[in-house]
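Each chain, letter by letter, is given below.
Protein chains: 2
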Amino acid sequence: MIGVFDSGLGGLTALCELAELMPGEDFVYFGDTGRVPYGSKSADTIIRYSEEIMRFLLGFGIRAALVACGTASSAALPTLRRKFALPIFGVIDAAAEAAVRTTKNGRVGVIGTSTTIRLGAFAQKINELDPKIEVSSVACPLFVHLVEDGFTAPGDPVTLAAAERYLSPLRTAGIDTLVLGCTHYPIISGAIAAALPGVTLISSGKAAADMLASALKEDISPGKKGTIRCFVSDTPESFESAARVFMGDIPLGSAEFVDISKY
Amino acid sequence: MIGVFDSGLGGLTALCELAELMPGEDFVYFGDTGRVPYGSKSADTIIRYSEEIMRFLLGFGIRAALVACGTASSAALPTLRRKFALPIFGVIDAAAEAAVRTTKNGRVGVIGTSTTIRLGAFAQKINELDPKIEVSSVACPLFVHLVEDGFTAPGDPVTLAAAERYLSPLRTAGIDTLVLGCTHYPIISGAIAAALPGVTLISSGKAAADMLASALKEDISPGKKGTIRCFVSDTPESFESAARVFMGDIPLGSAEFVDISKY
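Chains V and X supply the protein sequences, listed in that same order.
Heads up, the first sequence is in our numbering, so the first residue is 1 and it goes up one at a time.
Heads up, the second sequence is in our numbering, so the first residue is 1 and it goes up one at a time.
Take every hint as true, because none was put in to throw you off.
Note that the list lumps identical chains together, so a pair holds whenever it fits in one copy or between two copies.
When the alpha-carbon atoms are kept at most 25 Å apart in a straight line, the in silico SDA-like pairs for lysine to any residue are as follows:
| id | residue 1 | residue 2 |
| --- | --- | --- |
| 1 | 83 | 235 |
| 2 | 262 | 236 |
| 3 | 262 | 52 |
| 4 | 217 | 227 |
| 5 | 217 | 85 |
| 6 | 262 | 48 |
| 7 | 262 | 235 |
| 8 | 224 | 61 |
| 9 | 225 | 210 |
| 10 | 224 | 254 |
| 11 | 262 | 51 |
| 12 | 262 | 56 |
| 13 | 217 | 87 |
| 14 | 262 | 84 |
| 15 | 262 | 59 |
| 16 | 262 | 79 |
These aren't lab readings, by the way, just hints derived from the structure by calculation.
Same shape as in the complex, but just chain V (with noise of 0.2 Å):
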């Protein structure tokens, strides 16, 4: 079994890629929906509440977690890796590499909530890969809630105009290369690339999921068909249909709640 973790329902893009890739694993995911969002809060504090979940996921006997949210795995990853030995991905090195070996001209752009922008981490890893390449990052914290808020309808007005104002520096960079550092962002990709024409888009949730089902090998009988169980810390009534944006065509079923503080 392995857990995935998210702020909120960002992250089931990352688990519906995983789903996908290994379809015969057991997840367990859970999202931080009574908290959510991480992004404009402290690294502080989304350490604290990432503790707690990996508490949580560690219940269920998982072998390896993936931390499905830029903001957490900028803030917390380095935390949850010395605090507890089991292989935890997060989502940046996997978009580094992907954006590194995709840009022509050297000049990449990183998109995220304001804390991940803050911390940098993205940016760091990709000079870290390649220290030529000119990165510009810019936050972008009106995303998340265009998504959770459902303007997401292709040429949507006020998205197009949040995308304009946040991308168009990017433009004048002159960027070839976007790393979307946030896994709710893929869902209005439709309005990035409007402002960002002829720019490839990288999900980092997607890049995240390939890397972490090439490292490891599904433990599982042939023909085994993987189960998904999903948490959330406020009620879970209204998270079917609220996967389902995320989610496309795999069907989740419903969510249990949990007292994440508890843990």
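With chain V fixed as given, assemble chain X onto it according to the hints.
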């Protein structure tokens, strides 16, 4: 001493009003910045959080409390009043009374977070006071985030587009009075007024502060200067600059951290 709380910093608009009306009174403010926002979360979760906060505030020996949050007032007031034996004011009654006094054509609009509008407490109170008033309610979940992410300059195109999207049905409904059912909304009253020309806006935080100040006498020595102490559930580093948006000229100083889930 009087306790005031909100999901985050929006309630500071009400505290600011109160501190002006009761300059000799001591206040303790709690902003749940580690779990903000409440507006998309369930009533059960908001009740649980509000009870923790009340237990924390009671430790200061407060003689009354103001729930300076439209969502927490809508979800938790009856429970809080049943469980805690002190006067607890919310933002609903005062705003409903002000709206009923203000409307000339009997058509009143209410805007708030998703949970506030789903619970319908503002509309219910208005119709309790005057059943003939036609109430039109619209959830505007993005408004909180536009305020917190700084889309607050007059004429901001993203905020104007969002206001137009949310509020055009209220223009069609012909309202002459609009209740701002969330203590963040006064900060973008310019964009709201632009979408609803000629409509009188009622600030629920200001109305509640007026009601509390006239219900409770200041219990202090003449000439005493009141104090304000602030607590938050995220780290307090960014409190001072963020608070300035909501407090105007009243200096707040710094805030202290409290691990609120332990209460």
